[in-house]
Amino acid sequence: MLFQVERHRCQRYLGFEMPEILGSCSTRDMYPLGDAVMFEWFEAMPQSISTYGGQLDDLLRLIVWIVGPWFLLAEGVLFYCLFRFRERDGVRAAWLPADTLKVNAFILVPAALVLVCDLVIEAASDSVWHEVMIHTPENTSSMVRVTGQQYQWLFRYPGPDGTFDTADDVVSVGEMHVPVDEPIRFDLQAKDVLHAFWVPELRFKQDAVPGRSFDRWFQATRTGNYDIGCAELCGVGHTMMAAELIVEPRADFDKWIANNGEVAQ
Amino acid sequence: MTSHSQPQSVWSRYIFSVDHKVIAIQYIALGLIMSVIGSYMSYVIRMKLAWPADPVVGFGDLAASQYNMLVTMHGTIMVFWVAMPILVAGFGNYLIPLMVGTDDMAFPTLNMLSVWTFILSTVVLLISLFVPGGAAAAGWTSYPPLAADPRFSGVDLGITLWILAVALEFVAFLMGGVNFITTSINRRAPGMSMWDLPLFVWEEIMASIIFMLSVGPLVAGAVMLLLDHNFGTGFYDTAQGGDPLLFQHLFWFFGHPEVYVLLLPALGILAEVITSCSRKALFGYKMVVWSTIIAGLLSFIVWAHHQFISGIDPRLAFPFSLTTILISVPFAVTIFAFIATLWGGSIRMTPAMAAAVLMLATFLLGGCTGIILGSAAADIYMHDTMFVVAHFHYTMVPIVIFAPMAGFYHYFPKMFGKPLDGPLAWLHLVGTGIFFNLCFLAIFPLGFMGHQRRISDPTQFGYIDGGESLQILATIGAIGALVSQIPLAINIVKSLLSDRKADSNPWKSTTLDWQTPSPPPHGNFATTPTVYRGPYFYSPPGIEADYLPQNLPQVDAPSDQVQASVSEPKTIPA
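One line per chain: the protein sequences are A and B, in this order.
Counted from 1, the first sequence has number 225 at position 225 by the numbering used here; the numbering is strictly sequential.
Counted from 1, the second sequence has number 253 at position 253 by the numbering used here; the numbering is strictly sequential.
These are computed hints drawn from the structure, not numbers from a lab.
Since we're looking at a predicted model, the values are computed, not measured.
Glycine included, every Cβ here is placed at the ideal spot set by N, Cα and C.
Don't take every hint at face value.
Claimed, not checked - Sample of chain B residues at the chain A side, in silico, Cβ under 7 Å:
hint, residue
1, L146
2, L322
3, H383
4, D457
5, P541
With the hints as constraints, model all of the structure from the sequences given.
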């Protein structure tokens, strides 16, 4: 399939070799300039590691497969016209003011088709949006409170008693541990300014707003370490506001909770 | 007909002028000067992203705080101090009175006040670059709480001046908007109905209406931001009962319509250039006008698509996603109509036409990538990434740079009475087109990688590893596109210094702006023109010439066919 080209590929651009960067999630392909078309952009995406990531990727592909041909068609007709109807001796332009509805149909029918395509995209989009942002996994409660502050991410776990803001809370700065293959519900908050919790591999992003708490979820399907970035300009240290998402087996996660040194006072 | 006589002193002729043409050129010149500053900022930004560890040639070491400032000021300058003065105020001022066949704007003194308010706002903005603490660094959107408290952003006076400059700028364009609407409605030449207006005038009217209706909420938002920032009020502070999201709603209630405030005049310029250069009537003139009006109305109910993941109720995503997708339809109609106008034409590839094609070809990609962002779910991934950056540059650069280029090459002979050099123009356009695409085609895949916006050091994040070559390509593209402007500068200077004379109607256009000498004298028309027909009588049947100006009373040897399609001379109101 067009989108399933192997991920490790020689990186070539403008004829010079880029160093091959190894790693499970951070390697991606570079294509010669001639291939830099829309379809190849998908190759640049890091591998999805969330249950809903695949749906989001499929949605992106659907949009590109619907919009792409329209784009190419419009460009094609544009350049065809420029060539076909270039100025030539003795050839007079047609008189076609198109002031009747019947003639305008040449435009209105394609525009109506655009609308139909738009609605198809909208329907597909809405179901994915619902899954990520509105749906909440059943029989779960918040596992971790994520707080953005200038310029770091704090992760507070309720600890053995299962209640936040008690003495046995486990607090981690810059490391978010979660068990693999389990729905993770979390609260997203901000202390000072707007931040945005952003993990490309999860296909998840949400702004964090001071004074509000957002109840969101994900379920990671693959163990490993992934970068967490801040995607909303938050000040001088915005670039440095990184953290790590560590997806691990349940046993390792429990051990980490039990042995964590940074237990809240 | 001239309501005010020709002023004599240089001072009142060129500096404190009330002539709409002088004011237009003042606006365009200021916009061009600001575009040099804005472009220099984009150069520094691109160099930093391509080589994050190295000092930038021509700037030096770049601190993270300066990077934020550059990103903020680049956006602010390009949208408010380049796009608005050139597209809306510049071309609007120059062309509206000429196109409607009158001697000046309805309120010439207000017009002068507008440009001087704009100059004042420019001075305030430029001062803010040099105050202690630096200029505003909270993004061109200036979201609170970052922008509302100096402790968060490290910028104090800079943000205050930024808000003041933007507010003054809005005052300037409000005055301009009043003039545009009043002039188009009240000062049309005898015989000219609203349906005889060139599309450009329609687009400027709609842009002015959209601007005037949307700017109020933003000014309210900006005043509250000013109060929060300087006097410790808590409009955007949850601890004091405020809400940071309030500003985002007010900002984007203006901010999204603002995109159309810029897009509509750009489409208007394109309509004039495309019809004239392809010698064809605009395909479906009324349909395009109605599309513009519908798009204008819809533009007020799409704003929250900038906020899908900002923390608004997730259930709001569906309605705003739907309206966003709907607004693509009227613009699809307009773009399709432009392409259909080419069909059956006799296309003369002047530099203006080439710039118009460049605008259409690139804007199509900007529009299509917008569908991805308009889908709320896809936006979860793409929001605030470089994909957004590439998308809006693929919309804004065609709108703000390429369409005015088309207008500039088309109207320069009219404005200055001198022709521009063809080969230099082609060098400029081909270079700009190639390097612009190189730059932003390289930035789309960075967005797919997950590269978030407004970070000064992409090496921080593993998921952007491997993007270095793309960053370098984009920087090469950006530098190439900037260097490509040199032929334009040479061309302008060369033409202004030469003593060649341009025809009064070098492109053989139909609209009234071409039926006066080049450059038009003070008062524009020797005698008030009378309008007998619509704006785009190119290649009508039954006459030998391939165009029929709006003010030409009779058709040579009219045939039955022409009688059917050329409307009867209208009754001239007393």
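Exercise for the section: May I ask which of the numbered hints given earlier this structure violates, with the numbers listed in increasing order? Expected result: none
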